[in-house]
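K.L.:
Residue numbers (our numbering), protein chains in the order written: chain W, 1 to 118; chain Y, 1 to 112.
What you were told as hints is all true, and nothing was included just to trick you.
Only part of the chain W face toward chain Y is listed, based on derived beta-carbon distances under 10 Å: (1) V4; (2) Q44; (3) R114.
Straight-line distance between alpha carbons at most 20 Å, and here's what the computed SDA-like set of lysine to any residue pairs gives: (4) K36/Y with G3/W; (5) K38/Y with R114/W; (6) K27/Y with G58/W; (7) K38/Y with L88/W; (8) K64/Y with Q50/Y; (9) K17/Y with H75/Y; (10) K64/Y with G93/Y; (11) K38/Y with H83/Y; (12) K64/Y with F45/Y; (13) K38/Y with G3/W; (14) K38/Y with G40/W; (15) K36/Y with N105/W; (16) K38/Y with T5/W; (17) K38/Y with K111/Y; (18) K27/Y with K69/Y; (19) K111/Y with Y39/Y; (20) K38/Y with A87/W; (21) K36/Y with P111/W; (22) K36/Y with Q44/W; (23) K27/Y with E5/Y; (24) K38/Y with Q6/W; (25) K60/Y with L46/Y; (26) K36/Y with Q26/W; (27) K36/Y with L19/Y; (28) K38/Y with S86/W; (29) K51/Y with D66/Y; (30) K38/Y with P8/W; (31) K111/Y with I12/Y.
Rather than coming from a laboratory, the hints here were simulated on the basis of the structure. Where a beta carbon is used, it is the ideal one built from N, C-alpha and C, also for glycine.
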Amino acid sequence: ETGVTQSPTHLIKTRGQQVTLRCSSQSGHNTVSWYQQALGQGPQFIFQYYREEENGRGNFPPRFSGLQFPNYSSELNVNALELDDSALYLCASRPGWGGLLSRRNEQFFGPGTRLTVL
Amino acid sequence: SQELEQSPQSLIVQEGKNLTINCTSSKTLYGLYWYKQKYGEGLIFLMMLQKGGEEKSHEKITAKLDEKKQQSSLHITASQPSHAGIYLCGAVGSGNTGKLIFGQGTTLQVKP
Chain W
1 ETGVTQSPTH LIKTRGQQVT LRCSSQSGHN TVSWYQQALG QGPQFIFQYY REEENGRGNF
61 PPRFSGLQFP NYSSELNVNA LELDDSALYL CASRPGWGGL LSRRNEQFFG PGTRLTVL
Chain Y
1 SQELEQSPQS LIVQEGKNLT INCTSSKTLY GLYWYKQKYG EGLIFLMMLQ KGGEEKSHEK
61 ITAKLDEKKQ QSSLHITASQ PSHAGIYLCG AVGSGNTGKL IFGQGTTLQV KP
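Next comes chain Y alone, as it looks inside the complex (with noise of 0.2 Å):
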């Protein structure tokens, strides 16, 4: 079966740094979402990335698929307190069932 591996599992980053989340999968990636979930809350919709090589931006979030290595980056610039809390992403099954298979996700502080 197929797993999703993110890394790094949390992030302390200080406010106007830049970084990076990786999800790599154990087998090929047909396509990808990006959430953001706050503690104990629902997951809110970041992007989805449908093939190998697309990029996608959004405000200062941009999230890239590579097919041939498996795996998408998520990359913040100049960050915000805002942008704290937990990234996670979600590789399509295979079928249509609506199934995504979920990393553990990355847990992100910014500070002031």
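This is chain W alone, in the form it adopts within the complex (with noise of 0.2 Å):
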């Protein structure tokens, strides 16, 4: 077990709300990533943050949003749910801003939030 937790575990809305996702790095990471993993697919990469700046992003609009607090947790927030917005929301952190291929700079995901948009 990694020490990335993610809050809350299920969370049903409906379209149209907005929502808010929340992740705890594991101890000692500054560099957290998200991403969005549909029924039966891969994940797929959301954006990261280093240092509460984002620095790099998928392929998702500006709807998705994202925070890093000094204190290197995250928060992704969702506009404007969708339907296709439904998918299990993953988490993962790495202790620093080397590649990810670095050794001890591994990336590790947290258990997710499984997202019911209705």
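Dock chain one against chain two, each of which comes alone in its own frame, and use the hints as you go.
P.N.:
Structure (structure tokens):
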């Protein structure tokens, strides 16, 4: 089990609503990434945060936004929810700014938040 | 854009049998992560391969990276019911964005 935690575990929203998902990174990790995993698919990269700034983004519209706090925890906000936003949202953290292939900079995932949009 | 294809998509094996899962990239593989996922849960880190020809083992799981073939393989020896789950490979994207590009996953069932 990793030290990455996410809340809530499950969430049900209706179309058009807004949602905030939370992630606490593993101790000592200052870089957080968010992924969306639709049923039966691999995770899709949403964005990465390092020292409270977004510095990498996948093909997601601006209604997906995030924050990172001084303690390196992070939030994912999704506005104007659509039915296709129903998915498992995964947070991942790693120790530092070095690349994903740097030794001792491996990326660890949290348990995820299951979002259902009705 | 880079794509990863995993094969097979699903696999059912008898306990004690060996098996191999392949992950093939449409572009050069600079490095690769392997994760295991229980249905609907988070991803469990298995291993990270940094360069071509690298091979790593953990317990009964061995992974190799063949840079020339743009492919990685995950081999499980003497499978156990605890090995059941979804295996995902993730290629490191270009730049230092933290982006992993994942395959669609291979679902493994191990029959006792």
